[in-house]
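Peer 1: Keeping their order, the protein sequence lines are chains A and B. Quick note: the first sequence uses the working numbering, first residue 1, plus one each step. Quick note: the second sequence uses the working numbering, first residue 380, plus one each step.
Note that these hints are calculated values from the structure, not bench results. Everything numeric in this text was worked out from a predicted model, so none of it was measured. Be a bit skeptical, because a hint or two may be false.
In silico SDA-like cross-links for lysine to any residue, where the CA-CA straight-line distance does not exceed 25 Å [as the list claims (entries may be wrong)]:
{"id": "1", "chain 1": "B", "residue 1": "713", "chain 2": "A", "residue 2": "146"}
{"id": "2", "chain 1": "B", "residue 1": "782", "chain 2": "B", "residue 2": "867"}
{"id": "3", "chain 1": "B", "residue 1": "497", "chain 2": "B", "residue 2": "451"}
{"id": "4", "chain 1": "A", "residue 1": "149", "chain 2": "B", "residue 2": "548"}
{"id": "5", "chain 1": "A", "residue 1": "54", "chain 2": "B", "residue 2": "548"}
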Amino acid sequence: MTYAFLQNYWWCLIALLGSLLVALMFVQGANLHLGNRALSDTQKRMILNSTGRKWELTFTTLVTFGGAFFASFPLFYSTSFGGAYWVWILLLITFVFQAVAYEFQNKKGNLLGVKGFRIALIVNGVLAPFLVGTAVGTFFTGSPFTVNKLAIADPSAPVISTWGSGWHGLEALGQYHAVLLGCALVFLCGILGALYALNNIDDEAIATQMRRTVRMSIFPFLLMLLPWLVILLVRPGYAVDASGVVSMERFKYLHNLLQMPAVLVMLLAGVVLVLYAIWKGGFTASRKGIWFAMPGTVLVVMAVFFLAGFNGTAYYPSCTDLQSSLTLRNSSSSYFTLKVMSWVSLLIPFVVAYIAYAWHAMDRKKITPEEIQGDGNKY
Amino acid sequence: MDVVIWSRIQFAMTAAYHWLFVPLTLGLALVMAVMETLYVVKKDEFWKKAAQFWMKLFAINFAVGIATGIILEFEFGTNWSNYSWFVGDMFGAPLAIEGILAFFMEATFFAVMFFGWKKVSPRFHLASTWLTGIGATISAYWILVANGWMQNPVGTTFNPDTVRSEMASAAAFWEVVTNPVAVSKFCHSVTSGWVTGGIFVVGVSAWYLLKNRHLEFARKSMLVGAIVGLVGSGAVMLSGDSSGVHAAEFQPMKLAAAEGLMDGGNGAAFTIVPGIQVPHMLSLLATHDWNGFVPGINDILKGYTDKDGNWVPSVAEKMKRGRTALDALEVYRKTDDPMVKELARTTYLEPNVQYMGYGHLEKPEDVVPPVAVVFWAFRFMIGLGMLIALVLLLALIAIWKDKLGSWKWLLWAAIVCIPLAYLTGQCGWIVAEVGRQPWTIQGLLPVNVAISSLSAGAVKTTFFVFLAVFALFLVIEIRILLRAIRKGPEVELFEA
C-alpha cells in the first residue's frame, strides 16, 4: 500500500461518512414538522418518537465524521475548526440542544416547556443541513486562511493555521455559491425526512402531510441545487500538480467530472434515485421512497466529495493564499497512522451490519398512536 | 485575560461538566445490566421493573453526557488548532476508533434498550443493555488512550518536515494503545464510575427507606448498588496506586505538586494534611521502595539524580536545549542546502527534541502547576473516596445484619455521599489535568502554543454561552431526575 493510496482510501471513507451524515439528516428534516399546524399533538409526538429512535445514529455519524476527519486529515481539522470558529460553534450548539431535546421535552420540570424544545429541534432542523451544506460549499469557493508550519517556532505568534477574516467562518455566508448548497441541503433533508416519516409511521394524516411536503419541496430544492451545479461546472477550480503547487484552472470541476467517468455515473445515478424517490413518495401510494432517496443522497454527496478532492484538486482551498490550500497529500496523517486506521476501518461493515439488524428489529412494528399513548418508554 | 487562559477555562469547564454525566452512565449501566440479567436468569418480574426504573434515570443522564461529549471533540479543533495539528497524527486515531467501535454501539443499542422492551426478545434486549454499557466503557478506553498519550507521549517521534509528532511504525500504535498511563487511567476512571453509580443507587434507595416507600425495591437495589460500588472502590484503590507510580515515573512534577513537596529525598514522607506525616510512605507509594528517591519541586527545577542514577537536567537547561531544538527547526525548514539541513536535524534538533516544549517557556517556574489546588484536590479525592467506600461497606453490613431499619444515620450518610462522589471525581480530574500544567503534551507542547488564532473576546463569548447552556441543562436535568426519583419505580414520568 502506497501513501497516496491510503490518502485516497481515507478520502473515500470521509466522503462515505459525510454522505451518510447527510442521508441520516432525515432526522432534521422530519423534525421540521414539529411546527406543522396541520398535525395534532399526538401526531407530532409520533414524529418525535420516530426520529427519536434514530437521532443518535445521525449524531454519532457526525461525531465519527469529525473524528475520522481529525484522524486522517488533521490539518483540515486544525485549520477549519480553529478558523471558521463561529460556524462550527453554531453547528455544535444546535446539535447540543437537539441531543437533550428528545429526553427533556415531554418531562415535567424541564423549564423550557414542550414548545421551547420543539423550537430547538426545528432550529437544528434548518441550521444543521444549512451549515453543513455551506461548509461543504466552501470546498469549492475557498476560504481565507494561511498555513505556515514554521510559525510554531515563533513564540509571539505560534499558530500554524490563521484565518484571514475576522468573521471567523461567517464570511462564507457572503459566498452565494456555497450558500446555494446550504439551502439545497435544507430542502433535501426536508424531503428525506418526509419520506422517512412516511415509511416509519403508521398514520394516514401524517402520510398525507409528508407526501405534500415532498411535492412542495421539489421546486425549491432544484431551484437551489441546479444553479449550484451549473456554477460549479463553469467556475475555475483549485488544481494541484504532482509537486504540490496549487494553481487556478478554468472549468476544473467540469474537467474532474469528465476525467472521472465513474464519478459522473455516481452523480447521475444518485440524482436519478433521489428523483425517483420523490416521485414515489410524492405522487404514488408507495411508502418506500426513503429506500431510494438515502442511497441516492449517499451517491450524490460522495460524488461531490470526489470532485473536491480527487484528480489533482485542492479539497479545502485558500482563496487568500493559494499555496496554503489543503490537498489530500499535504494535510493527511502519516503513512503508519493511515495504515493502522485502515485496518480498523475493516470493522465498518460489521458495524453497519449490526446497526441494520437492530434497525430492522426495532422497525418491524411501525410507530402507532397506541404506542405513543401507551405506558412504555417514549419521548 | 488572554486567549490562552480563556481557552483553558472553556475547555476545563466543558471537561468537568462532561464528567458530571459520564461516571453515572458507566455505573448505572452496570447496575441495570446486572438487574436485567437477574430478570432473565431468574425469570423474576421484580428485577425487570427494578432495571426499568434505573434505566429511566440512566436515560435522563445519558442525553447530557452525549451532548457535552461532542463539544469536547469539536473544541480540540476550534480552540486548540495548533494542538490538533501537532498531535492529530496520533490523537485522531483513537478518536476515530472511538467513534467507529464504541459510539455506534452505544447509540444503536441504547435505542433498542430504551424502546425495545416490547419490540425485541428478552435475550436480545439483555444483550442490548450490556452492549450499551460496554460501548460506553470502550469509548472511555479510547479517549483515555488519547489522554494517556498527552501525559506520557510514547510511540511517536517529531517529524521536522511536517512539524508534528508522528507514529514512527505500525508497531508504535501498539505502544500507544498499551501505554501504562492510559491503562491505569482507564481502570481508575471507569471503576470510579462504578463507585458513583453504586453510591447513587445506594443513596436513592436509602431515601426510599427513610420515606418508608418501595421497601423491597430499595433493599434489593441497595444490595446491587453496594456490591457494584464496593467492587469499584477496590479497583479504584489498586489503579490509583499504579497511577501514583506512573506519575512518579513520567510526571514527577505532578506528584511533587500533589504532595506539596518542595524538597524531595530518599525515604520521603507522605503528608496526610499539613503537619501530619507518615514517614517513608511517599517513597513506598511512588516507587514501591522504602527508601526510593522522590524529587521535590526544587529538585526538578534545579536538576537531580533520579532513583535509577540518571541525571535529570535542570529546567533552565531543558529550556536552553528546547530553544536549540526550535532554532534548529527553523534552520532546517528555511535552508535549501542539504548539508546544513542534515546538520541542523542530526546535531541540533534530534538530541534536543525531547525538550522542545521547554523552548516555549519564559521562565523555569512556568513548569510548576498551581500547587495548592493540586495538593488539596488530591487530599479531597482520597479522603472522600475512602469515606464513600466505608459507607458502601457499612451498607452491605447493614443489609446482611438486617440493620437498615435502625441505622438511620447510615441512610442519611449514603444520601450525602451522592454529591460527594461527584466532588471526588472532579477532584481526581483536577489532580490529573491541573497537575500537568503547563503541558498539553508533556514536555512537548505547552498550552500557550497549543491554541487557535482567535481573539480572547471570541473565546470569552463562547465560554459564557456554554456556561449558560450548561447551567440550564444541569438545572433541568436535576429537576427531572429528582422528580423521577420522587415518583419512584413503575410510575409514569410523562405529562398527561
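Peer 1: Against this structure, judge whether each hint is valid.
Peer 2: Going through the hints against the structure:
1. B:713 <-> A:146: Judged against 25 Å, a Cα distance of about 18 Å means the pair holds.
2. B:782 <-> B:867: 23 Å, holds
3. B:497 <-> B:451: 36 Å, violated
4. A:149 <-> B:548: Holds, at about 23 Å.
5. A:54 <-> B:548: 39 Å, violated
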